[in-house]
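Engineer: So the protein sequences, as listed, match chains A and B. Read in order, the letters of the first sequence correspond to residues 1 to 71 in this note's numbering. Read in order, the letters of the second sequence correspond to residues 72 to 479 in this note's numbering.
Incorrect hints may have been included.
As the list claims (entries may be wrong) - The calculated lysine-lysine pairs, modelled on DSBU-like cross-linking and capped at a C-alpha distance of 35 Å, are:
#1 189/B to 201/B
#2 132/B to 201/B
#3 49/A to 132/B
#4 15/A to 49/A
#5 201/B to 58/A
#6 187/B to 15/A
#7 201/B to 49/A
#8 58/A to 256/B
#9 201/B to 8/A
To be verified - Going by beta-carbon spacing under 8 Å, a handful of chain A positions derived as facing chain B:
#10 17
#11 26
#12 31
#13 44
Stated by the list, open to error - Negatives, chain B to chain A, calculated, CB over 10 Å:
#14 74
#15 81
#16 144
#17 198
#18 230
#19 301
#20 442
#21 478
Think of the hints as simulated: they come from the structure by calculation, not from any bench. All residues carry an ideal CB built from backbone N, CA and C; glycine is no exception.
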Amino acid sequence: MNLEQELKQLEDIAKKLESDELPLDEAIALFESGIALATLIRTALNEAKIRIETVVEKSRDSFTLEPFDLD
Amino acid sequence: MESRHVFTVSELNTAARTVLEQEFETIWVQGEVSELTRAPSGHLYFTLKDENSELSAVRFKSRTSLLAPLTIEPGTIVLAQGTLTVYEPRGRYQFVVSILQPLGEGAIQRAFDLMKRKLQKEGLFDPDAKSALPTIPRSIGIITSPQGAALRDIESVLERRWPHVRVFLFPSTVQGEAAPGELRKALHRAIRFSQSSHSLDLLILTRGGGSAEDLVAFNDEALARDLYACPIPVISAVGHEIDFSITDFVADRRAPTPSAAAELAVPNRAETLGTVSSILHRMQRQTGSLWKERFDEFRLRIDACLMRGPQRRFETYEQRLDFGLSSVLRHVSIRWKARQESSRHWSEILRLSNPKLPLQRGYSLTFRRGETHPLRSLAGLQVGESIETRLADGRLISHIEEVVPNEP
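One chain only, chain B, in its complex shape (with noise of 0.2 Å):
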């Protein structure tokens, strides 16, 4: 009798609790509030029962600032996540309560928990497994319901970054008993779809916000397993920033919102449309001296064109202009067809060379009646005589009242 051990009160209620936390570390409790006291403090007791039972539970404040605000009240049946664990000073042991929720949120993140768990352990998550999207898909089929708002934005986002891609719709309800099933089908036929008819380069698995109980048809096993085998990249969609589904795991991506799926989909047009431009302006700067070379010698040869025929009349002026260009443009490249940008460099060139631009900046060309030079000097003319004015929209004919020399 003098071995055995006699424990003070303090060892033994340390002793207790080391028992305790090691036996039951992270244990789910389902019980009825009770008791409910909200301390100064921000801590929260309340008791937990059932018909014959009871057991102390507290949630720290620490705790409590990190969870959703909850609708506890006594009488709530609820779920509890949290350790056991010995109050020393009154030797009385309790539940320090980390996650607490009413009884439906409750069950659905418990199953969630375990098949995310389970998925997780079976390799359905790893990156390996995943592909990479594409980096401009030509067509994406998505899975949603046509009334949901979720096509809507990314309808409107496609729209807006890239409308050339094309969509097929998959249609499917996304929420109550029968989601599950039916997100399943539509997911085989537009595997099916890109098999024998129209090969899809993504597809987007997607829904707007709900409840936890709305979002609950994309934790399905059955269909977390189809997507892994799903042979077309996918994107999973599902609620809003803050949810998570089981779908969002297993698909190549992830993307918080309807939204961000399509933005993660497709590439925006207007960069591209700037990569174009940049890559444009490259290839102009590049063959700017080759340019400049032609440009000089189809300069001359204009020239030339202009200064074999003075005598012939004005009006074939322009005709003959094309003439000089058309063939300067055969010497130069006979595959060189103006054309798009190359064009309007070419109907610049013809724009300035253009005898009527001057008149446009309100020039004019005066000329005896009946001859085809212009006039470039008073030399000859008499008081009386007849002149034509040429403006841009059109002639003039009058008669020379008074002929004044500029002063030497």
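Only chain A is shown next, with the shape it has when bound in the complex (with noise of 0.2 Å):
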């Protein structure tokens, strides 16, 4: 699941929780999906550093990536 979509699952979960008359089970599941979601959004999120590759084709459709390094 990428980025886009788990935001989007995470205010589904935030949706249902609001508009649902949940079993208590059910709701804390909920919650706790919601919860673990949004860490690992905030985790991909705040990974510092971004990482530019440099693609060079050896041969046709053969691809090879290696680090670019601005400084």
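Please assemble the complex out of the two chains, which come individually in their own frames, going by the hints.
Structural biologist: In structure tokens form, the structure reads like this:
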């Protein structure tokens, strides 16, 4: 699942919690998965360093990646 | 002969003017500037000439103000765009110039205008043909020079806004004769890479500012057609705000600068983190009543645990609290693992229930030596008796010098 889908799912969980009369166990499970998802998203977003890789085509359709350092 | 029409001079000049203006509506003329006069009014009078012929020309001040500063001198070869008309009071026909450029720039501009018109006619700029940019791209391909300022600008914006994205660089020269061909090759390489190796959500075709000549590679027709056919959404960001290139019109989006392209490409993580926080708040508010219910039950259980064994030793107090906590947790929900936000909730409860907390705030507990119940009253205490006082970081053993009850 990518970040966009994760954000969407988190929003869905919040909506479900708000709109439904859920049994306690289900509400707790939903809440718990929402927390886990939010943590995942935050961790991903706080990854501080961007990575740039140079794409080199060794032969047609055969690619290698080389880390690119600006400094 | 009676029927022949005799023009007045004014009539003839007016008629000639009408004919000229209709016949030569918007024309380009190339020539050398001579007899240049800058009138106090701001108008520019000059003659355009070649080896055999001369043409008088004027550029009015109102038009001048719309143009970039010019370095026109006698002898300059210029490319001028304008209309032909007759200055009726003098019966002189003249060229009214609207665009006036030294030849190098003018040639580029003219080629640009022609190319733009041609491709526009063919539909290469149609809004319907443009793809939407991805909301959150996972991977971005950048076609530019590895040495250029554009890449640095883009990197720093991405770093700040959305460092999560993977960036793949497809190097190419961005100016000079080889540039259009190299840019096309880099574009094709990016498309093959996306199809066979690692899917790209977005491409940025870019270079930093430069002279019109520096940017000319991005007006290449073949590059424009390749871009039009590109299956990946493309942002074109060439030069500064004022520079337009053909790729800007063909691409799915134009960005005025490389930095602006990066801003268009990714969301802002600060905003997204804010969104996540507000969703969490909504969830917590929603489950707040559930928490409250469970919390009360939890407190009762802890109290019961503590009441059960007052004779046990003080040192095991926390262990029993832990035991009580875990059993209550199991009771409330097996799946209710204390983790992330919720674990903070529980550790706060645990912290508040900790009997050592008052010690950290400066209160102390006093015991008769060897006893496990803290003293609650002076009753039974004797002068000279040994007592033990517990503080947050250790114990004091002392002897009672005096027993002083409160005034009644």
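Engineer: Check each numbered hint against the structure and report the violated ones by number, ascending.
Structural biologist: 2, 3, 6, 11 and 18
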